[in-house]
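Chains as they are written, first to last, in my numbering: chain A, 1 to 321; chain B, 1 to 321; chain C, 1 to 321; chain D, 1 to 321.
Any given hint might turn out to be false.
Note: identical chains are not told apart, hence a pair may lie in one copy or across any two.
[What the hints assert, rightly or not] Derived pair list, reagent style DSS-like, types lysine-lysine, alpha-carbon separation capped at 30 Å:
no., residue 1, residue 2
1, Lys321, Lys31
2, Lys10, Lys138
3, Lys259, Lys138
4, Lys210, Lys155
Honestly, the hints are just simulated from the structure, not real lab data.
There are 4 protein chains.
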Amino acid sequence: MHSDLRNESKVEPISIWPRMTVNDLVTEMGKSGAFMAGMLSKAVDTYEQMIRDNAYVFLSLSGALIPAGMSRVLIELVNRKLVDCIVTTGANMVHDVMMAYGGTFFKGSPLLRDDRLLEKRIDRIYDVLVSEDEFVSKFDEPLLELYDEISIARKGEVLSISELINEIAQRIPDKPESLLKTCYRKGVKIFVPTIHDSVFGLQAAIFNRKNPGRLTVDVFKDLQDIWTIRENAAKSGAIILGGGVPKNFVFQSFYFGDKMLDYVVQITLDRPETGGLSGAPPDEAVSWGKIRPDARMVVVVGEVTMVLPIIASALIERLEK
Amino acid sequence: MHSDLRNESKVEPISIWPRMTVNDLVTEMGKSGAFMAGMLSKAVDTYEQMIRDNAYVFLSLSGALIPAGMSRVLIELVNRKLVDCIVTTGANMVHDVMMAYGGTFFKGSPLLRDDRLLEKRIDRIYDVLVSEDEFVSKFDEPLLELYDEISIARKGEVLSISELINEIAQRIPDKPESLLKTCYRKGVKIFVPTIHDSVFGLQAAIFNRKNPGRLTVDVFKDLQDIWTIRENAAKSGAIILGGGVPKNFVFQSFYFGDKMLDYVVQITLDRPETGGLSGAPPDEAVSWGKIRPDARMVVVVGEVTMVLPIIASALIERLEK
Amino acid sequence: MHSDLRNESKVEPISIWPRMTVNDLVTEMGKSGAFMAGMLSKAVDTYEQMIRDNAYVFLSLSGALIPAGMSRVLIELVNRKLVDCIVTTGANMVHDVMMAYGGTFFKGSPLLRDDRLLEKRIDRIYDVLVSEDEFVSKFDEPLLELYDEISIARKGEVLSISELINEIAQRIPDKPESLLKTCYRKGVKIFVPTIHDSVFGLQAAIFNRKNPGRLTVDVFKDLQDIWTIRENAAKSGAIILGGGVPKNFVFQSFYFGDKMLDYVVQITLDRPETGGLSGAPPDEAVSWGKIRPDARMVVVVGEVTMVLPIIASALIERLEK
Amino acid sequence: MHSDLRNESKVEPISIWPRMTVNDLVTEMGKSGAFMAGMLSKAVDTYEQMIRDNAYVFLSLSGALIPAGMSRVLIELVNRKLVDCIVTTGANMVHDVMMAYGGTFFKGSPLLRDDRLLEKRIDRIYDVLVSEDEFVSKFDEPLLELYDEISIARKGEVLSISELINEIAQRIPDKPESLLKTCYRKGVKIFVPTIHDSVFGLQAAIFNRKNPGRLTVDVFKDLQDIWTIRENAAKSGAIILGGGVPKNFVFQSFYFGDKMLDYVVQITLDRPETGGLSGAPPDEAVSWGKIRPDARMVVVVGEVTMVLPIIASALIERLEK
């Protein structure tokens, strides 16, 4: 055998069999260790290691994961204490709150044309549909009432975004299928740095137009909180689902100071060649001092709704052993 | 000839010749009309039409366009009144302000390793490098002074993000190579909805830690302003560079109400299959009532630093004729 | 509920649980039906339907699936009669024959530099390594002997590529881990239209240089065979792994004549926007009369080594029920 | 200034101006040197260097470049002696021959559905349309006559694929807009390793069914020719448009022996993460000894019809100076 290869591991062909568990398959993929099958397997290994090392786990969510049916997977992770803090786009929380009020998403047919959907007051998110009327009755209207209640309860205070989200979480119906409510009950911190870039923001602006000065939410306050979290964690890991602000918000909280991320698992279809953060490999963040040079870093190039449930179900199987 | 094809345009092979102008080439690509050459040509046609129709032009910026050397191209568009409003990530403005204070970006070699860069206090953005020390002296320190001045000048006020940016723009050195300063002088509105997801935010948090309550910036206030802009525009168009919050922030400002975007040009390498907004084709936004069903919509699948200068130089050539 | 949505299916959140089987997960993904999780589930449904309808199943392979450890997954499909015909790049068969002679692939470290590998005579395939010396002793040398034997056995004949591959298959060691040998034993036809674009071709050219005229392989002959297959099949389906010639070779065999593909499952990361066939959605092939307009067509945007084992293990679980 | 950055080049912002030439813009992009603007500029520099160093230039074509209107750009390169050898898919030559016989491609509307196109006998290639009837009268029928003539002229001979293509090139109408005819007149060698994976192949199979044994084309013969080319070239470069077999066929011709490619420019949207050759960066080929470790290698991530005309027009401007 080639002397330089003697110390490398062999690629072993993956076996499959009927009724193999998801973790069986992921473990097989680890034998191969190659290409994205190998990366998927390493992603589970790395997440498992975060948990076994009692690392504080940040989870960043971008993309329309709730409409795509990912809420229970995320809730399972929260309920099993496999996530300590979530950073998400506003849209995911909009959709989650809407579901807490009984809202529904539908599978769209590729034959539906967007101009027809407009006439019918149906909104499209890739291949998922949602009725505008339901949006009004199961999100917009209840939310305006919540804003009213919250503006009374926290009168005169300048809230942080996460305080506002927490106030909302407290008041929405107690449905087990709501990620926000689950996080509220389990004490998992939720940051929504782009709350204004969602219907939460549009409704807040409408509320404030009618009720000037009653709801003041400071854009910078949350940074103090995330720094405190960082400082208190002995070890930290990040599960990055997609890119965007949620990814950067987690990473940048490690920019100043000595603490760095010890583990990063990133699932994305974005490319590095744009130079944007979404597709940037974690290595780049090493130069910035956000991730340790010796951190465990894995990038799975794949679509999140396909990859996340595999990682999550393999992980919970491993942790029950 | 096939009767159903008689009314379709023929694909004509593209010609090239020495010393052809960028617009000559783009016009040739229009003869072909096919694949991304055709889309690039349509992008210029659509942008030109926006201008000739006196449409209000939103420009959204994501990705590290300033470090990649795009500032003058953007400034040229602003100086020629081809852009009315910019929505950008915080990072682009961080880098722009840093350049206004004399900061420099360097071309990186692919052989530099991130762990070495960390030791040397050099940060990497894809293949561009920036020194941490310069970051401190040419961004962090001046910014903290600006925050101090602004907190005195606007004492007791709750600012919107764009008001804060405007106060910063007013105070930075008057360098022609600063996009922010150029926009300030030309009266081009800048929205930075994710200002907190950048070093602006980190420094603001540091400032607020030392000076509690002196700098309060409301996260929702800007939505009123962008709605006013939308309402006052007879026709509106959007040039979308990359995706992310800047794209959504423009689109969502057309969500409620009757006004919709009349033109959209989107340049991106992101894929639609993630279901996220960044890679979503404009058609999806038609279902939401953000873009007119009969709008001119063009998607150029390509990297922005390569595509934008072509579009911009072809456009300014056409408009000088 | 919105009248137009009443007939659409609801998106149901996916559940996960410890020790769920791969098929359990894929079935859950079907409840959601959205994004790539939904497509993955539809891919298994479609493959299952092909089998239950006794369709003739073409499998096209591109990319380095054998070095990546996919041989046993493919062999499992062949042994269970879930594939009737394989169209592959030459490289996959090169690697398979090399493994039949005892060759090994190794997991590479991302720190290894290609110039060092060149010095050490180690070849890299993405993150997999193979020794040049093993290539010589476990592929090149045995193959030249096989060519010699075959040129004697089929003296004076003009072979088709698949006849040559069949002669090779007959003579390589009878290892259960060889896909080629398994196909030979099971009577699964293998087409390798780009045999010359691989080390099979380079060695054949070397052989022919020394032995002019002893090995003549006609490039067009296989088309007759694949047409005969097409004509004899009541129903046909295609599992397309990656793109390239293997995909087109299957599709184009349905170009003339009345038969069309009834089912297509395509797994790829290639984009449609290049206009090339690799990333083209199956719909395009409908216009050409290669796929029925009412065919079941699924595209899973994902990397093959990650997606294929999931589909295969879910499928064999379903078929054992 | 940071001591480690003193020797690096500064990123300079790109300038644009009205009536700037394509080469002006590409040269500006070189000042920035960053992201894909930088790569595009390096691609032109590298191609220019190949020419100034009298390197033998291989050009590989995949994707439907002829229907997309790229023929004149390619012809310009051939006429100016900027290409010495072309390796292409069969489809590009099919489309080129069809155009030589007066065939036409049309711009498609995105609203046309593939099932309707099937009924109307119109074939779709991404957003380009072609009539089946024209395909018959301007390709299939003339080609069958050519095959008949060639089979008589070269009676009893076993041809290489490039010999067959050359016989075809000789006989098609002498139209300046045919790339194949131009190459024939200019003595530029054309390899079409996947001729059978195109309508050339389907028609050859039809011809051979009716005329058994009259047209024998050996699949391996061309490898001798490409090796001879390699051996005779002092320096060699490759312009790789897309991936697929054309790319590999060029690269693998440098696999055995001491000669390696000195320059590689690759334009593609394919990703490396599939492990397939199409998206693999040139570095991987260094480990195989196909490209010199010190070769100039550039990858432009972009769609070919948009990038190629820019490179070609900048190049011819530079070479006229």
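Evaluation of the provided hints:
1. Lys321 <-> Lys31: Classified as both; 20 Å inside a copy, 28 Å across copies.
2. Lys10 <-> Lys138: between (55 Å within a copy, 16 Å between copies)
3. Lys259 <-> Lys138: For Lys259 and Lys138, only the inter-copy Cα distance (24 Å) is at most 30 Å; the intra-copy one is 42 Å.
4. Lys210 <-> Lys155: both (16 Å within a copy, 25 Å between copies)
No hint from the list above goes unmet by this structure.
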